[in-house]
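Undergrad: Chain order of the listed sequences is G and P. Residues 1 to 166, numbered by our numbering, are exactly what the first sequence covers, in order. Residues 1001 to 1687, numbered by our numbering, are exactly what the second sequence covers, in order.
Each statement offered as a hint is correct.
Chain P residues, not near chain G, derived (Cβ > 10 Å throughout): (1) V1066; (2) A1071; (3) N1072; (4) S1145; (5) R1509; (6) I1540; (7) V1546; (8) S1551; (9) P1660.
Listed next, the stretches of chain P that the computed footprint assigns to chain G, with coverage defined by at least 3 CB atoms under 8 Å from CB atoms of chain G: (10) 1243 to 1251; (11) 1356 to 1362; (12) 1373 to 1387; (13) 1396 to 1409.
Listed next, the stretches of chain G that the computed footprint assigns to chain P, with coverage defined by at least 3 CB atoms under 8 Å from CB atoms of chain P: (14) 37 to 47; (15) 83 to 97; (16) 113 to 123; (17) 126 to 132.
I should point out that these hints are in silico values taken from the structure, not numbers from a laboratory. Please read all numbers here as calculations on a predicted model, not as lab measurements. For every residue, glycine included, the Cβ atom is placed at its ideal position computed from N, Cα and C.
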Amino acid sequence: MKAFRKFSFWMKTAQAALLATAVCFSLGATDAGSRFNNLNHRLMCTCGCAEILGECNHVGCPNSTGELNELRDGIANGQSDEEILHTFIGKYGAIVLAAPTGHGFDLVAWIAPFAVFAAALLGTILLVRRWSVGKTVAAAADPVTMDPAERERREQIRRETGDGGF
Amino acid sequence: MAAFGSFALLIALALAAYNLLAGALALRLIATGQPAAISPERLADTARRAGIAGFLAVIAAAFALVWSVFANDFSITYIMEHSNRALPAAYKFAALWSGQEGSLLLWASLLGIYGFVLRLTHKTDVKLYAYAGTILAGIQVFFLSILCFAAPPFSLYQGAIPDDGNGLNPLLQYPEMVIHPPMLYLGYVGFSVPFCFALGALIMRYPGEKWIKVTRVWTMVTWLFLTAGIFLGMHWAYAVLGWGGYWGWDPVENASFMPWLTGTAFLHSVMMQEKKGMMKSWNVWLIFSTFLLTLLGTLLTRAGLVSSVHAFAQSSIGTWFVVFMGLVLAVCIFTYILQRSHLQSEHHIESLVSRESSFLFNNLVLLTACFVILWGTLFPVLSEYVVGNKVTVGAPFYNRVAIPIGIFLLLLTGVGPLLPWRATSFKSIRRNFVLPVITFWATAIVCLAVGVRPWKDGAFDTGNFYALVAFAVSVAVFTAILSEFLRGAGVISRQTGKNLFLATWLLTRRNTRRYGGYIIHIGVVIVVIGLAGAAFNRNIESEMAVHDKMSIGPYTLECVGFTQDSNLNYNSEYALLDVYQGGKKQFQMSPEKRVYLITGQPQTMVAIHSVPSWDLYVVYEGTNPDTGQPIIKAFLNPLVGWIWAGLVILVLGTLVALVPSISPSTASLRVPVRSAPTEPALKGGHQ
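Please put together the full structure from these sequences, using the hints given.
TA: This is the structure in structure tokens:
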């Protein structure tokens, strides 16, 4: 019962924290969006400086001013974000986008890191579980066969590293 | 001097080749016990001495190049292309690494220095050092071959010798450029040494884990150099490129970051091998990978494989690196397959929630981060190859993919040290984690209350969101580390009666490795806080005539004049800006724009006023060609100073970790080294 009460206390604390965060998140979230700023950070300057269009700082850059004007025109003409980006791709090539798109082969760029991480994580968890189960089975099957010197050495390690540390 | 330098390089190559061949033969004879006309021990010693002589030869070649720069010997093509008479002395020295050939010579020189130290300290373990020295000689043969045949630094200028050289790239004429490349190279090259020890130990089936202890100092020093090199590069980018940022996910930046990640993973997981005999294969492959990544980084920098703003060092020597990398990989795989039985773990991880598994997950996340960066760097090439369409993988990709991984890694930095070895209990978790969890939520709520909110212009903003999470996690991790210090110091304080400060000092001295590591983690936390500040950068750009004003954050900048200056190297224009805060004049800033006479290339010299809460960063961008008015761009970059402060703490922590503990508290934990092989060791060897 005591354990249940403690568990309940921690659950309520967690709920309160989440609620407080959600309230704070909602404050002021209704400001007008800035599509221009968002879009110019999704595009590259094409002058060869390898900078984000919105951050290209070359005085007299031959390309960035034109690109920014095209972006403004696109927004003023009521084009959607996708339409504007497609227009840029059509004119400058896919290299004008600051990051791969979410379509076709580009999607692989986004999926691969998470897929690799998930696979590695899963593999590691399964491996550690296998080791821990194997160890339990081995210990249960034959608990007395460990070399006493080895047992003593391991116990010493455990005692002396019990507080952790490098 | 050109002939002397070329000759020195050829001698260095011959000596390195002798070191490799004689060393390999001697070690083979020792391993097989075959009778030979010459004593293998003496042969191995001649190989070692050849390595030392080779160091002198390669240093002589580097000296010849530096001498030629200072002597304005424009008959040497490299000097003509990378220096000029008016170049200041410090930058003349920097000319050594400003171009392809010179930077390869720097690489070979540093490898020579590392090899020299290694060979001088060979009595630590003669046989292991003989293996490591021989492998190192193999690497040196590769670099010296390139220098002698593919990228000779002393090649003579064809035609009439010009009166003056082309000068140094203006981007490189900045104080950091005198120390950033050598630091980075010390890091890059330094990882050759642990690689050689790891490969050598594997080839000779080195008994026990002593080789790890031998290489620990090498690895940590190398890691320190690489870390400092990367941060100095960031500061250079921040102060010179004039875009207000310090990291652009450029392929060359990525190339330096990847070995840092795997090297960091190695420094963590190697503790598992030392303490518990675990992760042996993993560690061997980590150090192999780190070395291969340093080569890959060099390949990316030089071969033009991917587009990069670091175009000043590109050339066609990529094939050499590809072949060498293939050869190294083949040797690593072959040796691993042959000797893998030697790498059986003595123990396995017993629980998913334990110190051991935290090391494993830490490694997993570091390697995932490395993969993400490698993937992002090479994806444009892959995309072009697969679908014939080159794409850009820029900051938005890395910000979305790498930042969450980085925050998760930071979280592990705090969680790991709080977990006990072997297994943990709910009670233990509750005891150790309550405070960090409370500080996490408290920080998040305080941040939200003071305006650090996950939206911008009314829309959800991932940058702001990540910054908020990073702040909260950073404070939680800092709390966790601090509680570890206080817990240990409290015990010592009770035992010795010393105050908490002295007890913390004593605690650190008793286990410098552990608490030095914690100090490094604090440095990382400080750096992350600084990085998270970037989400709230602001900037304003305006044409400014005299007495015009612009405001950003709490500052008002008033232009009080423009002036010009010139010297033999460049002409410059300055803007003089009085900076007001709260209506009072606080200081003056003078951003500058230079035009280098010899190249005609412009260069910004940013004015930075740094306080803990932010940097006021002002760029004089030049004049508007249409109006003739000067253009000033001002940035207010929050918390940037924390990044550099974090580096100082990081360096301090590493130095602490390198100092031997006053009482080796874990000495009795070492797994006893199994008896050495019965074959006679090299004369004077220590097993």
